[in-house]
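Protein chains: 2
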Amino acid sequence: MSRRAAAELLCGVNLRALLDSVDAFLFDCDGVIWKGDKLIDGVPQTLDLLRSKGKKLVFVTNNSTKSRTQYAHKFTSLGLSVTQDEIFSSSFAAAMYLKVNHFPPQNKVYVIGGEGILEELQLAGFTALGGPEDAEKRVHLKSNYFFKHDKNVGAVVVGLDPHINYYKLQYGTLCIRENPGCLFIATNRDSVGHMTDLQEWPGAGCMVGAICGSTGREPIVVGKPSTFMMDFLLQKFDINTSRMCMVGDRLDTDILFGQNAGCKTLLVLSGVTTQSTLDDSSNSTQPDYYTSKVSDILTLLGE
Amino acid sequence: MSRRAAAELLCGVNLRALLDSVDAFLFDCDGVIWKGDKLIDGVPQTLDLLRSKGKKLVFVTNNSTKSRTQYAHKFTSLGLSVTQDEIFSSSFAAAMYLKVNHFPPQNKVYVIGGEGILEELQLAGFTALGGPEDAEKRVHLKSNYFFKHDKNVGAVVVGLDPHINYYKLQYGTLCIRENPGCLFIATNRDSVGHMTDLQEWPGAGCMVGAICGSTGREPIVVGKPSTFMMDFLLQKFDINTSRMCMVGDRLDTDILFGQNAGCKTLLVLSGVTTQSTLDDSSNSTQPDYYTSKVSDILTLLGE
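Heads up: the protein sequence lines correspond to chains W and R, in order. Under our numbering, the first sequence has 267 at position 277, and the numbering climbs by one with no breaks. Under our numbering, the second sequence has 207 at position 217, and the numbering climbs by one with no breaks.
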């Protein structure tokens, strides 16, 4: 693959051209809109401005700890008016993956991850086990102890799980190893995430890596950079991907996702990626544009 | 690499030839000597027979939950007389790796794994943190919460940890990501282990996979199939590896370890490997010999 041209720093001129050439902005959330539970400065005004210019806004997040309903509440609580229909989370994507692949509704789904995954699975009509209710479960490593698992589990969905434990790891790996045809679905493989505003924490890639390391299986990834979610976006909004701009803080998920789908891409340095990572010779992912944070859009337009 | 000839089923004839051609037997433990806390039938008599024929016995285990002293106690409690000097565990190997690589004693080691690793590290003169004392620690994922880690940690050692939690994962990955030059050492990468006699459980490969998935780093592996431990065996016992036979239940660790070191190899089917796995066309690791369990040696010799 030929190397893309180096990213252009966003400025008044290329920003105006970008605004003219796209009809929708796809935003990642963690590190772009907020960090943990703190809104990033200037976000509400920037979103208002883009809406006032007639742009569609869509929020595409790999964070699977919440459902779309829960995300809508988070947006509201931070003073942003965003509806559930504008949100595409990897928890929703996991449920939709099973739906479009005709997962038999009599089969069950074991979840390593948060409430959001269970909620989306249940909304889609599936029976989900595990998740938060297994957070405090313990195993008994003694002679004659037999760990039972449900033979009707036909898929294990793995996302970020701050309550990861050996019980869940044994449950998930037993299903994958012993239930014939059991699917292994990863909401995403982000290495780290801003679970709090002050620092990074292990992301879903950590839990997914644990399952890979014990089963020798590779997952089906439904979140970014997989373009699975894009199919839903395209069905919903009648906009060509070349007239969309993906805005994110990660090269290996957001920017790659945008590029895989044929969107324009804007990297913001308010999350996990630093200028030196972007510039490093080992980095082969170059967005079209980069800037320090989304509210630079306001400043550069002089609004 | 050319494919080895298919393994020969052990019989009276090739067993006698094997006994004539080797001076030492290296045994894996889990799935060979015991399963969980249950001794496999006929093991004591078989070891006695081999000792009576003048063979050196060495026990090489990837299981890092115990130190060598703790292993010696386990052997004794099961009625086997094995001394600490005959045991080489991956917990010991981790400590020796740091020792031979001149790890500065003023630096600390963070442990994801069992008491055995901490004990071996301390015996070797190192300061170890983590392990069992972090089993019940929890994180607080709220705004302004800052997770502190020791900047003097210069190595993270990861082994099988049934008390794995998000606290340990954050601690270990922060050290690897943020402490300059911090080593990432895996006791081993076994996908599963017989934590109980009735079934398999996630092995160290699970915890190691979690750290890889969050740091993007690959570990230094000190247990089987790495030949790091063999260097110590060779220093200790003045026996050429061609006159050693590695006996184990795993193709990807035990048999590969034996072959990497130039030993003869005997696979036993009393642990994780089944006859169909051995015979499967996707399996490229063929031991010299295979048999159902170590006590077949007794039967085949008519003793």
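Heads up, a few of these hints could be off.
Copies of one chain are not kept apart here, so a pair can be met inside one copy or by any two copies together.
[What the hints assert, rightly or not] In silico DSS-like cross-links for lysine-lysine, where the CA-CA straight-line distance does not exceed 30 Å:
(1) K141 with K28
(2) K141 with K43
(3) K141 with K64
(4) K226 with K127
(5) K138 with K43
(6) K138 with K127
(7) K89 with K226
(8) K283 with K89
(9) K141 with K45
(10) K138 with K45
(11) K45 with K132
Hints in this document: simulated from the structure, not taken from any laboratory.
Q: Please name the hints from earlier in the document that this structure breaks, with their numbers sorted from lowest to highest.
A: 2, 3, 4, 5, 8, 9, 10, 11
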